[in-house]
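Visitor: Sequence:
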Amino acid sequence: MGKYSLILILGFSIVVLGLIPLIHGRASRSYENYIDYYESSQARNIAISGANFAANMLFQNSSASISYSNIQMGEGSFSISTTIQPDSTILLTSSGKFHRKNHTVEVLFGPSSFAKFGVYLATMGSIYWTTGDTVRGPSHVENILNVYGTPVFFGKVTTLNGTNPSILPNGPTNPKFYGGYQSGISVSMPPNLNNLQMAASSGGKIFTPPASPIGTYELYFKFNSNGTVSYKEYKGSIQLFDTTVGINQLAPNGVILVSGGNIKVEGTVNGKVTLCATSGSVSGTGKIYIKGNILYNDNPIDNPSSDDFLGLVAEKDVVIPLPDGFPGTTCPTNIDIYACVFSRTGKFYAELDYKMGKLGNVNFYGSMSSYTIGAFSAGSPSYGYSNNFHFDRRLLIETPPYYPKTNILEILSWKE
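Just so it is clear: in the sequence shown, position 319 is 319 by the working numbering, and no numbers are missing.
Keep in mind that the hints were calculated from the coordinates and are not lab data.
This structure is a prediction, so every number in the text was calculated from the model and none was measured.
Glycine included, every Cβ here is placed at the ideal spot set by N, Cα and C.
Accuracy of the hints is not assured; some may be wrong.
As the list claims (entries may be wrong) - Derived CB-CB ranges, DEER-like:
#1 Pro323 x Ile185: 16 to 24 Å
#2 Ser377 x Phe53: 34 to 42 Å
#3 Ser40 x Met198: 43 to 51 Å
#4 Asn192 x Thr89: 31 to 39 Å
#5 Gln85 x Asn226: 35 to 43 Å
Unchecked claim - EDC-like cross-link-like pairs, simulated, lysine to aspartate or glutamate; straight-line CA separation at most 16 Å:
#6 Lys97 x Glu142
#7 Lys101 x Glu416
#8 Lys176 x Asp242
#9 Lys101 x Glu39
#10 Lys272 x Glu233
#11 Lys272 x Glu398
#12 Lys101 x Asp87
#13 Lys101 x Glu75
#14 Lys232 x Asp242
#15 Lys97 x Asp133
#16 Lys355 x Asp307
#17 Lys415 x Glu106
#18 Lys316 x Glu351
#19 Lys316 x Asp336
#20 Lys291 x Asp336
#21 Lys101 x Glu142
#22 Lys176 x Glu142
#23 Lys222 x Asp242
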């Protein structure tokens, strides 16, 4: 019995002695794996901190050129730099180092689009948002926000110079900022429309007025639901051209610009297109006239995945005119407009005449940016239209081609 016990003890001892190196090796590897994970995590955290540090600098000054190396952070360090990409976006690179490990974060920045505002105004002038007014989507006033009563704002509201009255609530004035409110934010109008001029000249289409005949240069566009556009070219009362062509054939990148002339537009858009009217040195031009309903072939209200987009960009005004032959020709009861409207130095408004009487709605679905606010009704008793504006939430993700950009950067992508 004693001999067997001795053999059992010896066998157990041999097994244990054989397992000790294995257990020790696994423990060592577990410790090494822990150290690797810890150092990798620290390097990643340092790289992210560097990216956030540089991003804050860019948000404060979008034109800043950043280049810093080996900035100490605890037991590690980071290096950050920015490079301007061919498409004018900004690539931020942040490299974090901790002991043996390195990690890199790449963040792509680009200017935000005016299409992301439900309503943008450079100034309100003497106009007020009042009780009964509802603003949907983000909104901004590059001056003072005039309010009276209880207007409702469903998106975030930003202003450069606060509100009038300056303290809210104030007596009967208590606006409802359901998306929040922030003052001291500057989003300035672009000084020109050069980005659209460049896009139209490289992959788009530019129309320029011929020397003769005399008269105002105009392009009339009627969009068709099959993805084509019928357009007529006029100089004064003389028609110069009349054809129908595919949008992509006319302007592969979607930008159509009329230089030194006006645009008249209506129809059903199937595709992505931006119409732009610039004035240059020609007086009375740079305007867009909405001659009838503008619809999308695939209605985004019914289908939020619709890929139809229209930008209407004017150097001056965007106008809903009185119909040709008015007052013999009556005004439409309602007008439907699906588009992003941008008026750099003017406003978006309807031509008004007391003979038109009280009509229905301007049903607008999209985004509106203008220098100042326009009117769709006037008089007492009132004549003209009520406005029924809704923000197209697709514009938070995608916009019409080459639509005007703001001076505010946003993060387009974050790669680790």
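Visitor: Could you run down the list of hints and mark each one as holding or not?
Guide: To see whether the hints hold, each was checked on the structure:
no. : hint                        : verdict
1   : Pro323 x Ile185: 16 to 24 Å : violated (40 Å)
2   : Ser377 x Phe53: 34 to 42 Å  : violated (51 Å)
3   : Ser40 x Met198: 43 to 51 Å  : holds (44 Å)
4   : Asn192 x Thr89: 31 to 39 Å  : violated (20 Å)
5   : Gln85 x Asn226: 35 to 43 Å  : holds (36 Å)
6   : Lys97 x Glu142              : violated (43 Å)
7   : Lys101 x Glu416             : holds (14 Å)
8   : Lys176 x Asp242             : violated (50 Å)
9   : Lys101 x Glu39              : holds (6 Å)
10  : Lys272 x Glu233             : violated (22 Å)
11  : Lys272 x Glu398             : holds (11 Å)
12  : Lys101 x Asp87              : violated (33 Å)
13  : Lys101 x Glu75              : holds (12 Å)
14  : Lys232 x Asp242             : holds (4 Å)
15  : Lys97 x Asp133              : violated (54 Å)
16  : Lys355 x Asp307             : violated (39 Å)
17  : Lys415 x Glu106             : holds (5 Å)
18  : Lys316 x Glu351             : holds (15 Å)
19  : Lys316 x Asp336             : violated (22 Å)
20  : Lys291 x Asp336             : holds (11 Å)
21  : Lys101 x Glu142             : violated (47 Å)
22  : Lys176 x Glu142             : violated (20 Å)
23  : Lys222 x Asp242             : holds (11 Å)
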